[in-house]
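If you read the protein sequences in the order shown, they are chains A, B, C, D, E and F. Just so you know, we're using our numbering here: the first sequence kicks off at 1 and counts up by one. Just so you know, we're using our numbering here: the second sequence kicks off at 1 and counts up by one. Just so you know, we're using our numbering here: the third sequence kicks off at 1 and counts up by one. Just so you know, we're using our numbering here: the fourth sequence kicks off at 1 and counts up by one. Just so you know, we're using our numbering here: the fifth sequence kicks off at 1 and counts up by one. Just so you know, we're using our numbering here: the sixth sequence kicks off at 1 and counts up by one.
Warning: the hint list may mix true and false statements.
For identical chains, the list gives no copy identity; a pair is met inside one copy or between any two copies.
Unchecked claim - The calculated lysine-lysine pairs, modelled on DSS-like cross-linking and capped at a C-alpha distance of 30 Å, are:
hint: 1; residue 1: K173; residue 2: K88
hint: 2; residue 1: K173; residue 2: K229
hint: 3; residue 1: K229; residue 2: K28
hint: 4; residue 1: K28; residue 2: K173
Since the hints were made in silico from the structure, they are not lab data. For clarity, every value in this text was computed on a predicted model and none was experimentally measured.
Number of protein chains: 6
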Amino acid sequence: MTRIMYLSPVVHRSGHDELFADMVRHRKRADTEVHVTCLPDSAGRFNHVEFRSYEAMVTPHILQGVRAAANEGFDACVIGCFYDTALKDAQEISGEMIVTAPCAASCDIASSLSNRFGIIVGRQKWVHQMHSTVVANGYENRLSGFYPVGLGVTDFQMDHDTTAERLMQAGRKAVEDDHAEALILGCTMEIGFNETMARALDVPVVDPATAAFLRAEHLGSNRETCGWKPSRKWSCEAPDEAEMQALGVFDVEAPFGNRIVVPAIN
Amino acid sequence: MTRIMYLSPVVHRSGHDELFADMVRHRKRADTEVHVTCLPDSAGRFNHVEFRSYEAMVTPHILQGVRAAANEGFDACVIGCFYDTALKDAQEISGEMIVTAPCAASCDIASSLSNRFGIIVGRQKWVHQMHSTVVANGYENRLSGFYPVGLGVTDFQMDHDTTAERLMQAGRKAVEDDHAEALILGCTMEIGFNETMARALDVPVVDPATAAFLRAEHLGSNRETCGWKPSRKWSCEAPDEAEMQALGVFDVEAPFGNRIVVPAIN
Amino acid sequence: MTRIMYLSPVVHRSGHDELFADMVRHRKRADTEVHVTCLPDSAGRFNHVEFRSYEAMVTPHILQGVRAAANEGFDACVIGCFYDTALKDAQEISGEMIVTAPCAASCDIASSLSNRFGIIVGRQKWVHQMHSTVVANGYENRLSGFYPVGLGVTDFQMDHDTTAERLMQAGRKAVEDDHAEALILGCTMEIGFNETMARALDVPVVDPATAAFLRAEHLGSNRETCGWKPSRKWSCEAPDEAEMQALGVFDVEAPFGNRIVVPAIN
Amino acid sequence: MTRIMYLSPVVHRSGHDELFADMVRHRKRADTEVHVTCLPDSAGRFNHVEFRSYEAMVTPHILQGVRAAANEGFDACVIGCFYDTALKDAQEISGEMIVTAPCAASCDIASSLSNRFGIIVGRQKWVHQMHSTVVANGYENRLSGFYPVGLGVTDFQMDHDTTAERLMQAGRKAVEDDHAEALILGCTMEIGFNETMARALDVPVVDPATAAFLRAEHLGSNRETCGWKPSRKWSCEAPDEAEMQALGVFDVEAPFGNRIVVPAIN
Amino acid sequence: MTRIMYLSPVVHRSGHDELFADMVRHRKRADTEVHVTCLPDSAGRFNHVEFRSYEAMVTPHILQGVRAAANEGFDACVIGCFYDTALKDAQEISGEMIVTAPCAASCDIASSLSNRFGIIVGRQKWVHQMHSTVVANGYENRLSGFYPVGLGVTDFQMDHDTTAERLMQAGRKAVEDDHAEALILGCTMEIGFNETMARALDVPVVDPATAAFLRAEHLGSNRETCGWKPSRKWSCEAPDEAEMQALGVFDVEAPFGNRIVVPAIN
Amino acid sequence: MTRIMYLSPVVHRSGHDELFADMVRHRKRADTEVHVTCLPDSAGRFNHVEFRSYEAMVTPHILQGVRAAANEGFDACVIGCFYDTALKDAQEISGEMIVTAPCAASCDIASSLSNRFGIIVGRQKWVHQMHSTVVANGYENRLSGFYPVGLGVTDFQMDHDTTAERLMQAGRKAVEDDHAEALILGCTMEIGFNETMARALDVPVVDPATAAFLRAEHLGSNRETCGWKPSRKWSCEAPDEAEMQALGVFDVEAPFGNRIVVPAIN
């Protein structure tokens, strides 16, 4: 059995957690157990992290959640934001647990299906940072561009018709004008739109939450069968456990604001 | 059920096919069916493709094998050589089937486990071409280097003690001198050595045949559950089916030299 | 005397061979002998190789042709397709003979005449692969872009007025909109149009078949006078001759489908 | 008058604050006022941030400090760690105040004095992250390498003789073996060693705390005289002030653990 | 006291020298002395250096001016052209004096204020060379583009309304279409327009003469307080002084065509 | 007939001019006429240009020589220094004449014969600048490294045994340690050593003066037969002829210090 945690790095969004739990129920392998979680009230009122400074504020809580997941023995954990918020920080203290995230996962899928892809995002504000992540992950030469639709994170699930229309318009621009051969939806809250778009545009469209979850399941499963656990050498060195205990801030009670368990089916 | 073909792009190596079939039996998910194949006698006497010119000569046979797999309805196919021989050619005519290969798969795994990895290869001859593949796949900044051990493809399974010793020596050099944090074995015939090395060097060591198979299973399964099939847009456009029929060389009888079926367990 | 082979990597196009023989007659030095050839019937019905899979199918025949040219003692050989099809494969087994091709040759000329050039191609399908070749050859920063005109390889010589008009339109776009300072015609079948375009647009326009032939003559001549033959060290190592003989597929009878000899004039 | 805040992103190190205050007293212009600060007790027991996870934990406190500095009307603020910890996050919410940091500042100085420089750091652990910062800042082609001396952040000021000897050894290696033409000390706690090294090795040696302070003074002064304030356009957009207030975590009482005021001299 | 020379690499433009002297008066620190100079009559009739060949012709005179400045004991010298004409040549023989120039200085400022900037230039002719300088200085990933306005160097100060209008138009294009977050005026003769533009477009706009002067003052001052002088190691090695004397062309009488002294204040 | 000028950018070296004239006699095509020239006395006492500042001082004289060559109707001109001194400046004002130089020419040859080459130079001083040229010409990924032998330009032809021994030692290091597959001699004064080295090391060794001359002959000949003349568009725009006349410094009497004519043989 593979055990995966899907952690949304925002607070108090039980409705939204249900969106991801639903996705997981449809996509997971039978023998995978998934816990869909989000940040606790102590992380403040962040229901989106569109700003670097917002990410910075919730990052300690992400680390605490990841650390808790590692302590509970999960095989892999997803940090569910397309900024791949705090991914490298979390990987440092995840022990033997894999940590992954949507941007890395989506770019891997899109580049396995095409030579060139476009990423459809909410606002121009996001582009510079996400572009840096795409470059750091080695996909610069695959990218046709970023396509902002003028919607914030919390807008995507408001009026589904508007969202669908704007995403389609951006997708068409990417494919027709810039010769994208596949598309990535660049926000986990764009969930639910990729299949219709793929049919309409006749190119693969990657939902990032799904891609991240399936990557976690893949890498988490490999960990079990092949022993492929995170390196702890050189730049991957973790802090000394005793020092971490003494610092007293990595392990906390109640690190999650919500937890939906999607059980394995034997 | 996911159906995977593992195709070795060489001829008449039933003993070697069994090596890969064994690996598959230990690593596959229960509900995956795998066919382990190699090239037919018509492909000549190539029991290794260390040279670009040898790859060139077997490439038409690889395409015929991949095409046959697509026609048989496989979800994904592995071309089992660390040169990722003919990968882009094969992807062009694989229809809705995923095609993947060891170098791409291994780099993905190694970079999910570390920031920097080394690749242990047979001979200096291979390095330039493999380096180009690593760069093309976007992993240039991850690479500590290539480490040749002075063995050819057909030598690795001759004297296991010699092989083990040389691989270890190269691995230690990569980790200690060049600060590699993970290792990749850069030839599918280096199979069987990674677990001992990982324990001895305390870094993850990726076996490329295993990585390629598991990536095929992951992407093949995603194809089913998410509809993520190869793009056929722009540079991914396939030849016209009628033209291909008229050319008369893509579809042949008996495209495989051997076939070991590893069934799904329901 | 310098002896050059110009090999079109397609089948049965005696008319087209004549196009290239004409070009050679007008451009060669007096003391150069040129053989203009194409692939034999055994290579199938490929009269264009717009697809990677088509290139893959004719590649063994290209290698056999190049190998025959080397055995006949030619100084240099051109593989006459702007994809530079199988160039690196052929260079591996060309012994002391130089092998070159149109994309490499054209980029060298265009960058000797300008800081920035555009490449006018047939279809969008070609762009990704040709872009990779331009990048691999080190000309990425010189490139204003690729300009597809919506014609296939076999269309260019059909209706010369249509071809001329479309090439001019694309060339004007490259120069006026993207600040190209020189142009390359990105298909050997675009032969015959560059001089008119150069006059009309007042920038240098490079014909790729001509560029490849003249580069072969230059490098072939240098081989004689300076002893500059292909390296056989490290990645340039050729297979062992005995092993190649044993494999029995590199040297064949009748490797060419046509041969026009343009003699030296003493 | 220019007003600068120098903020060490660690806790309770009044002795160390005095090191930086001393440096400021010797280096500042007469009409510059400097406040040397560090993080408050509420930021925990972090007296070094050698790990990404430690940086992550103190980052919210850095943002609160930077925000306080902006509210107090400082012209510029230094985040005094060679990881340039949280620099981009802090710049987002600094309003009209400049924020800078040691790695960016040191690379600018070193590249104004030489074509190629080496960076002497504490431990191999640091190298990957710092290398990424150097690359992101555009200095990749200037870098001869990183030279770890096997000391942690808190070791540098322990035994000055040992530190001096190790830094010299690393510096000599950079200059003699790797042809560095200038050196950067890659930790603010390496303060006090650069002048002796410069004399002994006859190359410029940059102290990062000094470089960061002088850059802050330069940019802070330019802000006054030329109006060159941070852009708030596109990726530089700050969160809405009302939303920040509602979130309630950016502005706190007592954001600093210590404050040494170095006054302007009129 | 810091002493700075601002050298315009053109001839006989006392009116223009006054423009830069005015700027210096408004921007300099109290205790900085500045000499604003230009080339002597012996340098010919060059009142602009828009061409590489013009730069080449005045370069010996620039070196003579820089050498004279070094001999007079200046702390730093600006070569006042946005091509950063002869910067590396001059740095080689500047002894202990800093040499800097507008493009390097402006890019540093713009990247301290934003993630992405555009450069507004006179003519398309300039773009390729200036782009090379921006790339060589490590700012390639910061650049939104170059924006030519169709004016030559000597046109900018002719009709201020026309200039202002064209610069604004180009600036708006950079910001609105290409998402520039800051702007650089790419010619020292564009002086006087940046403040109005900054207000109108609400992004920072960098005047290059000012940026170069302030960078010289910053680096010249650091030289005094920190001993940060140019490296003379490896590629920074200067010619032997005796050999230079023997060559007899580096040190000349009357190296300047004009000299306005802006004195330090008490 | 093709007419080539070979211009050494130094003064008064008739003996050395003879070295190049000899090379030309052995390498040129029958119907090529070559003038071997150097700078006039008015260019000063520069018998080497190892320093950027020395290059700067002779550059106006190079331009005058190139301009004279263009006016005399030469097809192509070589600037005979491995720094490719003033190449881009000279290309701007060469009218319809081709200008080329040794580094560009040698890299082209070496990369046509191998995948990876090393460059053997005189002193470490040269490396940074030559590396920049190699990168600018697109050969960065081909380069195994630079190998200084501790000799200045004027030393190479002093004691041939010492020179031969040092070049061989450096060449062996490049090939054996760094896997170079071909070598370039990185100074035109290293003339006369490449053939022995090639035999001893069994890799191609490129003499840069020869490579530059043969490239000039190739491009000069193409100019005649194909009309491939320098672009004068965008960044290749030349100054206005009337303005150049008015400036009065481009066209001078007696631009050459020596002239050896190697006639065509009809």
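Hints, verified against the model:
no. : hint        : result
1   : K173 - K88  : between (33 Å within a copy, 26 Å between copies)
2   : K173 - K229 : between (41 Å within a copy, 21 Å between copies)
3   : K229 - K28  : both (21 Å within a copy, 18 Å between copies)
4   : K28 - K173  : neither (32 Å within a copy, 40 Å between copies)
Consistency with the previously given hints fails for number 4 only.
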